[in-house]
Amino acid sequence: MINRREFVKTLTSFFALSALGCGKLLVPRKRLREMNREELKETLARLEREYRKKYGKEIKVYSTPPQEGTLFGYALDLNRCIGCRRCVYACVRENNQSRGGSEKHNMPVHWIKVFEMDKRKGVDFVEANLYYNPEEVPQEGHFYMPVQCHQCENPPCVKVCPVGATWKERDGIVVIDYNWCIGCRYCMVACPYGARHFNWTEPYLPPDEINTNTHLLGNRPRYKGVVEKCTFCIHRVRLGRYPACVEVCPVGARKFGNLLDPKSEIRYIIENKRIFVLKEELNTLPKFFYYYG
Amino acid sequence: MLRWLFAIIFLVLPTACEKEHRAIEGVDPFHAENPPLPPQERGLIPIQKEEKEKKEQFPVPPPPLSEGIYPCSSCHAEIEPNPKRRKLEFHEDIVFEHDEEHRWCLDCHDIKNRDKLRLANGELIGFEESYRLCGQCHGPQYRDWKVGVHGKRTGMWKGEKEYLLCAHCHNPHSPRFKPLKPKPPPARPEDIR
Chain A
3 MINRREFVKT LTSFFALSAL GCGKLLVPRK RLREMNREEL KETLARLERE
53 YRKKYGKEIK VYSTPPQEGT LFGYALDLNR CIGCRRCVYA CVRENNQSRG
103 GSEKHNMPVH WIKVFEMDKR KGVDFVEANL YYNPEEVPQE GHFYMPVQCH
153 QCENPPCVKV CPVGATWKER DGIVVIDYNW CIGCRYCMVA CPYGARHFNW
203 TEPYLPPDEI NTNTHLLGNR PRYKGVVEKC TFCIHRVRLG RYPACVEVCP
253 VGARKFGNLL DPKSEIRYII ENKRIFVLKE ELNTLPKFFY YYG
Chain B
64 MLRWLFAIIF LVLPTACEKE HRAIEGVDPF HAENPPLPPQ ERGLIPIQKE
114 EKEKKEQFPV PPPPLSEGIY PCSSCHAEIE PNPKRRKLEF HEDIVFEHDE
164 EHRWCLDCHD IKNRDKLRLA NGELIGFEES YRLCGQCHGP QYRDWKVGVH
214 GKRTGMWKGE KEYLLCAHCH NPHSPRFKPL KPKPPPARPE DIR
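Residue numbers (this note's numbering), protein chains in the order written: chain A, 3 to 295; chain B, 64 to 256.
Please keep in mind that the hints were generated in silico from the structure rather than gathered at the bench. Do not take every clue at face value.
[Stated by the list, open to error] Derived SDA-like pairs: lysine to any residue, alpha-carbon spacing no greater than 20 Å straight-line:
| no. | chain 1 | residue 1 | chain 2 | residue 2 |
| --- | --- | --- | --- | --- |
| 1 | B | Lys244 | A | Glu138 |
| 2 | B | Lys246 | A | Arg95 |
| 3 | B | Lys209 | A | Arg269 |
| 4 | B | Lys221 | A | Pro264 |
| 5 | B | Lys224 | B | Gly214 |
| 6 | A | Lys226 | B | Pro252 |
| 7 | B | Lys246 | A | Glu138 |
| 8 | B | Lys246 | A | Asn135 |
| 9 | A | Lys226 | A | Gly102 |
| 10 | B | Lys241 | A | Arg88 |
| 11 | A | Lys226 | A | Arg51 |
| 12 | B | Lys221 | A | Asp263 |
| 13 | A | Lys115 | A | Met190 |
| 14 | A | Lys275 | A | Gly124 |
| 15 | A | Lys55 | A | Pro205 |
| 16 | B | Lys241 | B | Cys197 |
| 17 | B | Lys246 | A | Leu132 |
| 18 | A | Lys106 | B | Ile255 |
| 19 | B | Lys246 | A | Arg88 |
| 20 | B | Lys246 | A | Glu137 |
| 21 | B | Lys215 | B | Pro127 |
| 22 | B | Lys241 | A | Glu137 |
| 23 | B | Lys241 | A | Phe145 |
| 24 | A | Lys265 | B | Lys221 |
| 25 | B | Lys224 | A | Val250 |
| 26 | A | Lys106 | B | Asp254 |
| 27 | A | Lys59 | A | Thr214 |
| 28 | B | Lys215 | A | Tyr270 |
| 29 | B | Lys246 | A | Val250 |
| 30 | A | Lys161 | A | Gly196 |
| 31 | B | Lys246 | A | Tyr91 |
| 32 | B | Lys209 | A | Tyr294 |
All chains, full assembly: derive it from the sequences and hints.
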């Protein structure tokens with residue numbers, strides 16, 4: 003039996019504790035700040051020095067800022083995609099992902115996954131086949147659905163990062179600071195699209211296959227124990243170019259553009275085609291659209 | 064006197080109108096005995112829209128003509144044109160699977176000038192403009208292609224887009240996109256050690 007004095011004591015301490023908790027949340031989190039121009043310059047120079055030492059090669063690390071008035075969007079035509087995986091390997095080359103394929107190096111990282119699905123079942127990831135390898139694609143009765151980072155407007159991966167190592171840029175690209183990432187992989191769990199990938203081992207990147215044109219927040223060589231993902235080829239699109247996967251697609255299923263430009267290809271697709279986003283019910287607001295052209 | 068004047072006016076007016084009417088229409092293409100001449104030869108002035116369309120320039124690479132074949136006139140100049148639909152003795156490498164029941168060579172290639180393609184209205188165009196020919200039947204694709212949505216796009220999303228001709232991806236004689244060998248699948252989790 004609890005007496006009156008004890009009851010009041012517990013109640014007061016409960017309220018005191020919860021007030022403290024609320025107070026803590028109200029304090030703005032000021033742990034992170036942006037680098038100033040000087041610090042950024044120093045960082046880029048340091049990274050280039052480190053890469054030169056590691057790979058014996060001149061690697062340029064740029065920090066091209068977002069262009070004013072851009073919000074990037076992507077569209078993929080499910081009627082056209084034939085599942086040839088040209089995009090997967092163009093992405094690997096362009097973005098310096100870890101190579102695999104040999105006994106020693108068997109941890110390849112692919113930012114794009116292409117699922118083979120049954121036309122009768124529709125978009126169904128439980129029945130989908132990621133490892134299809136027939137002589138020819140497309141296979142009768144199947145369609146192909148590539149999945150990569152959807153660059154959500156409301157990204158769950160950003161919300162869960164305990165150290166603030168990932169965020170959304172002004173042009174809508176979700177980026178990662180590979181030097182700040184602690185490898186806790188919360189973001190991989192939070193991402194409903196399986197778009198984030200972890201470097202379980204030291205990434206294997208043969209020096210003669212390195213793309214030396216890199217971006218600080220994009221395709222610069224990564225480290226063991228960090229998470230990485232598609233950035234819409236941040237080093238290309240911020241200069242007005244198309245992402246590598248768009249340029250390589252042999253059937254022209256991949257479309258890219260500025261969502262804020264009413265004359266862009268992406269806006270034409272959204273306004274004229276039947277489009278959908280993956281897992282709409284999660285309110286992640288992807289900027290990656292699937293359509294039927 | 065006045066009555067006569069009215070009578071004359073009534074008689075002359077309709078014929079005058081009819082003459083004017085004919086001048087606008089030109090030869091009626093549906094009831095003429097011979098197929099219509101190209102608009103230039105019929106003395107028609109191209110309408111405003113056509114001029115506008117001509118101004119739309121799409122930067123395309125040179126058309127994918129078979130090596131050693133073009134110019135077609137190097138052989139065809141000496142061959143008597145035969146408009147009869149038949150199995151060809153030459154060009155046996157061409158597999159024709161493009162609505163083959165209804166179409167054949169001279170629906171697209173001009174009978175007199177083999178170095179040109181012929182639109183349905185009789186206008187002759189070069190191979191580098193072949194998208195206009197394809198667009199006659201494939202309207203939705205043509206519309207999408209013009210805005211950069213149908214077909215492979217390279218270049219800049221902000222700036223000069225690079226286009227491809229329809230024939231760069233679709234063999235005009237057998238247009239279905241051919242299957243490809245897929246690149247290797249990703250590593251399975253159980254293969255990773």
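Each hint, compared with the structure:
In summary, the hint linking B:Lys244 to A:Glu138 is supported, as the alpha carbons are separated by about 5 Å, within the 20 Å threshold. Between B:Lys246 and A:Arg95, the direct Cα distance comes to roughly 14 Å. Compliance with the 20 Å bound is thereby established for this hinted pair. A distance of roughly 14 Å separates the Cα atoms of B:Lys209 and A:Arg269; the hinted pair therefore holds under the 20 Å criterion. At most 20 Å may separate the alpha-carbon atoms for a hinted pair to count; B:Lys221 and A:Pro264 meet this at roughly 13 Å.
Distance restraint check for B:Lys224 and B:Gly214: the Cα-Cα separation of roughly 12 Å lies within the 20 Å cut-off, and the hinted pair is therefore satisfied. Simply put, A:Lys226 and B:Pro252 have alpha-carbon atoms about 18 Å apart, close enough for the 20 Å limit, and the pair holds. Of the supplied pair hints, the one linking B:Lys246 and A:Glu138 holds, its CA atoms being roughly 10 Å apart against a limit of 20 Å. Between B:Lys246 and A:Asn135 the alpha-carbon distance is near 8 Å, which keeps this suggested pair within the 20 Å criterion.
Using a Cα cut-off of 20 Å, the hinted pair A:Lys226 and A:Gly102 holds, with the two alpha carbons roughly 15 Å apart. For the given pair, B:Lys241 sits about 15 Å from A:Arg88 by alpha-carbon distance, which is consistent with the 20 Å threshold. For the hint linking A:Lys226 to A:Arg51, the alpha-carbon distance of about 18 Å falls within 20 Å, and the restraint holds. Taking the CA atoms of B:Lys221 and A:Asp263, the gap is near 10 Å; set against the 20 Å cutoff, the hint holds.
The hinted pair formed by A:Lys115 and A:Met190 meets the criterion: a straight-line CA distance of about 15 Å does not exceed 20 Å. A distance of roughly 18 Å separates the Cα atoms of A:Lys275 and A:Gly124; the hinted pair therefore holds under the 20 Å criterion. Between A:Lys55 and A:Pro205, the direct Cα distance comes to roughly 16 Å. Compliance with the 20 Å bound is thereby established for this hinted pair. Proposed proximity of B:Lys241 and B:Cys197 is supported: the alpha carbons are some 19 Å apart, at most 20 Å.
About 12 Å separates the Cα atoms of B:Lys246 and A:Leu132, which keeps this hinted pair within 20 Å; it holds. Proximity of A:Lys106 to B:Ile255 is assessed by CA-CA distance (about 10 Å); at most 20 Å being required, the pair is judged to hold. A C-alpha spacing of about 7 Å is found between B:Lys246 and A:Arg88, which places the hinted pair at or below 20 Å, so the restraint holds. Proposed proximity of B:Lys246 and A:Glu137 is supported: the alpha carbons are some 10 Å apart, at most 20 Å.
For the proposed pair B:Lys215 and B:Pro127, the alpha carbon gap of about 16 Å is at most 20 Å, so the pair holds. Under the criterion of a C-alpha separation no larger than 20 Å, the hint pairing B:Lys241 with A:Glu137 is consistent with the structure, at around 13 Å. At roughly 16 Å between alpha-carbon atoms, B:Lys241 and A:Phe145 fall within 20 Å of each other, so this suggested pair holds. For a cut-off of 20 Å, the pair hint linking A:Lys265 to B:Lys221 stands: about 11 Å separates their Cα positions.
For the given pair, B:Lys224 sits about 15 Å from A:Val250 by alpha-carbon distance, which is consistent with the 20 Å threshold. At most 20 Å may separate the alpha-carbon atoms for a hinted pair to count; A:Lys106 and B:Asp254 meet this at roughly 12 Å. Our distance criterion of 20 Å between C-alpha atoms is met by A:Lys59 and A:Thr214, whose separation comes to about 8 Å. A hinted pair counts as satisfied when its Cα atoms are at most 20 Å apart, and B:Lys215 with A:Tyr270 qualifies at roughly 16 Å.
The hinted pair formed by B:Lys246 and A:Val250 meets the criterion: a straight-line CA distance of about 13 Å does not exceed 20 Å. For a cut-off of 20 Å, the pair hint linking A:Lys161 to A:Gly196 stands: about 16 Å separates their Cα positions. The hinted pair formed by B:Lys246 and A:Tyr91 meets the criterion: a straight-line CA distance of about 8 Å does not exceed 20 Å. This hinted pair checks out: B:Lys209 and A:Tyr294 have alpha carbons roughly 18 Å apart, not beyond 20 Å.
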